[in-house]
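*Asks:* Given chain A, work out where chain B should sit, using these hints.
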Amino acid sequence: MPHDYLARVRNATIGLAAVGAIVTATYASPLAALGLVAGAAWSLVNLALLEVLVVALLTPAASARALPRAGWAIAGMTALLAGGAWLLFHLPPLALVAGFSLPFAVITLRAVSRALLESAAWRALVRSPWRATLAVAAVILAAWWLVPSGSLGQREGGEAHPAAADSARATLSDGAPADSASHEAAVAGETHGDAAPGKSHGAAAGEEEGGAGKFPNLITMIVAANHGAPWAHTLHRIEPILFAFFVGIVVCVIGFIASRNPKMIPSGLQNGAEMLVEALYDFVGNILGPRYARKYFPLLGSLFVYIFAMNLFGILPLMDSPTSNLNVTFALGLTVFVYVQYVGIRSLGIVGFLDHLLGNPRSVTGWVLAPLLLPIHILGELAKPISLSCRLFGNIFGEDMLMVGFAALGVGMLSFKGAPDWLPGIPLHAIFFPLALLTSTLQAFVFTVLATIYILLMLPHEDHGHEEEAHAH
Amino acid sequence: MNFQAALALGLPLGIGIAAIGSGIGLGLIGQGAMQGIARQPEATGKIQINMIIIAALAEALTIYAFVALLMLNSKIG
Chain A
1 MPHDYLARVR NATIGLAAVG AIVTATYASP LAALGLVAGA AWSLVNLALL EVLVVALLTP
61 AASARALPRA GWAIAGMTAL LAGGAWLLFH LPPLALVAGF SLPFAVITLR AVSRALLESA
121 AWRALVRSPW RATLAVAAVI LAAWWLVPSG SLGQREGGEA HPAAADSARA TLSDGAPADS
181 ASHEAAVAGE THGDAAPGKS HGAAAGEEEG GAGKFPNLIT MIVAANHGAP WAHTLHRIEP
241 ILFAFFVGIV VCVIGFIASR NPKMIPSGLQ NGAEMLVEAL YDFVGNILGP RYARKYFPLL
301 GSLFVYIFAM NLFGILPLMD SPTSNLNVTF ALGLTVFVYV QYVGIRSLGI VGFLDHLLGN
361 PRSVTGWVLA PLLLPIHILG ELAKPISLSC RLFGNIFGED MLMVGFAALG VGMLSFKGAP
421 DWLPGIPLHA IFFPLALLTS TLQAFVFTVL ATIYILLMLP HEDHGHEEEA HAH
Chain B
474 MNFQAALALG LPLGIGIAAI GSGIGLGLIG QGAMQGIARQ PEATGKIQIN MIIIAALAEA
534 LTIYAFVALL MLNSKIG
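Protein chains in written order, with the working numbering: chain A, 1 to 473; chain B, 474 to 550.
The shape of chain A in the complex, shown without the other chains (with noise of 0.2 Å):
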């Protein structure tokens, strides 16, 4: 239908004009913005008149005020040549010609999109999954090659594209190919454009000391593109909050995929997520004793959980694990402790709480020693979340300079005088992979562990008994 096509086109072309001229209105002058819009909106006009004269002088029917309507769409016409010259005297022509030819570059998208979407080779890439994964990554990779590297690039000039393909080719050398490239393409797609990821990537990674310098993620990337922005001040400031609420999200997102339609007999998702969940559930229940471990169990199954996915967060690329800044396991260590507190209070009750800080005094010796034994026990409780932060933080972020400082060698091992641009630095950090990925769960296990026995030494004293039965059987 010749009718709704015009039309189809004229809706986008006022779309696109709309976006043109803000954007153009940013970036350029308001002025030039007007221009836009003013010569998308004549060049509607004359396809408009143009269809009218074409379909008054084309159609069979009605052939008697066929005449007059194409009179009055040439007059029309020549009214708004008359038009188009007085507004290429008064506004910028660069973009009174862009806006003009907006409908010939929307007929021609269509066109070409439609000749595109129909083909053999477009069906033939569609059908598989890995297939387009593939090329999706490989569009990826061409921009990372081709996108000029702009104020992150001075920073230093060889090691921007070496580094990129260095830590492309980092990740992928360890696990499947096919996974991490798409898990990389998947994730620099889905969150960001992938302006420039690998110039960054380098350029940070190239100037590492192992002072402050981590591997660039996503928000420092960003961060770097707008730099001097106010809201990437405070982007770069939260960042580590930005990353704990994503793990979050990430988490409780698989967890709901896992426990939906639950089956009698599990398998894929929810038989892992049974496995991990009844692990964790003996586990603390042995050092609980079952009365007390289904009540606390939530809290400390999520620690696992939670902080397991955090520490794990920093080996995947254009990502950083929360727990390598001090704050978020503060956060963790703190809530703990509260967390101790508050229990140790609503089962002891107020009086059981001064009791057991006293160290239980029940005769003189011990009504002697009291006034020693609490500040010993107040100390011994704040040092619990300073000692439960700082092991997993140390951990966690000495875990991460070790792999900046390998892989700022192995970029400089590859960086000789003379060295060409593209070279890229041996991946010599994948040696540590492994091991951080043993910390990252050993480091999880031990705060949950601590914070289980934590919660066991506050709770009332004759469940010893209680969990010596446990371990009976």
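Honestly, I wouldn't trust all of these hints.
Unchecked claim - Computed beta-carbon distance windows for the label pairs:
(1) A:Ala419 x B:Met507: 45 to 55 Å
(2) A:Pro434 x B:Ala492: 16 to 26 Å
(3) A:Arg294 x B:Lys519: 39 to 49 Å
Said to hold, decoys possible - Which bits of chain B does chain A cover? Going by a derived footprint, with three or more residues having C-beta under 8 Å, they are:
(4) 505-511
(5) 534-543
Claimed, not checked - Below 20 Å or equal to it, Euclidean Cα-Cα: the simulated EDC-like pairs (lysine to aspartate or glutamate) are:
(6) B:Lys519 x A:Asp282
(7) B:Lys519 x A:Glu239
(8) A:Lys263 x A:Glu239
(9) A:Lys263 x A:Glu274
(10) A:Lys295 x A:Glu274
(11) A:Lys295 x A:Asp282
In short, the hints are calculated from the structure, not lab data.
Given the structure is predicted, the values throughout are model-derived calculations rather than measurements.
Beta carbons: idealized from backbone N, C-alpha and C, even for Gly.
*Replies:* Below, chain B alone, put in the same frame as chain A:
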């Protein structure tokens, strides 16, 4: 010497000294674990889990020294 030289000298030295204690402690933990496993191989799983927990606690002491270095790192130069 100015405080920067003192820091640059003292902080890594602190980590090294802390590592001595951690090393001895971890060795003792490992020795106890190995003896326990040798006596009763069927309890290997439980002994291993407890060994790892205590090893992480002993290792944390060196990590505290490392954290102290990280906090004072920017003051050197």
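*Asks:* Does each hint hold? Answer for all of them.
*Replies:* Tested hints:
In this structure the hint that A:Ala419 and B:Met507 lie 45 to 55 Å apart at CB holds, the actual value being about 49 Å. With their beta carbons about 22 Å apart, A:Pro434 and B:Ala492 fall inside the hinted range of 16 to 26 Å. Distance hint check for A:Arg294 and B:Lys519: the Cβ-Cβ separation is about 22 Å, which falls outside the suggested range of 39 to 49 Å. With 0 residues carrying a beta carbon less than 8 Å from a beta carbon of chain A, the segment 505-511 of chain B misses the three-residue requirement, and the given coverage is violated.
Note: the segment 534-543 of chain B has 5 residues with beta-carbon separation from chain A under 8 Å; the three-residue rule is met and the coverage holds. Between B:Lys519 and A:Asp282 the CA atoms are separated by roughly 13 Å; this keeps the pair inside 20 Å, and the hint holds. With a C-alpha separation of about 40 Å, the suggested pairing of B:Lys519 with A:Glu239 is violated against the 20 Å cut-off. For the hint linking A:Lys263 to A:Glu239, the alpha-carbon distance of about 39 Å lies beyond 20 Å, and the restraint is violated.
A threshold of 20 Å between alpha carbons decides the hint, and for A:Lys263 with A:Glu274 the separation of about 11 Å falls inside it, so the pair holds. Taken as a hint, the A:Lys295 and A:Glu274 pair is honoured in the structure, with Cα atoms around 18 Å apart against an allowance of 20 Å. Only pairs whose Cα atoms come within 20 Å are accepted, and A:Lys295 paired with A:Asp282 is accepted, the gap being roughly 13 Å.
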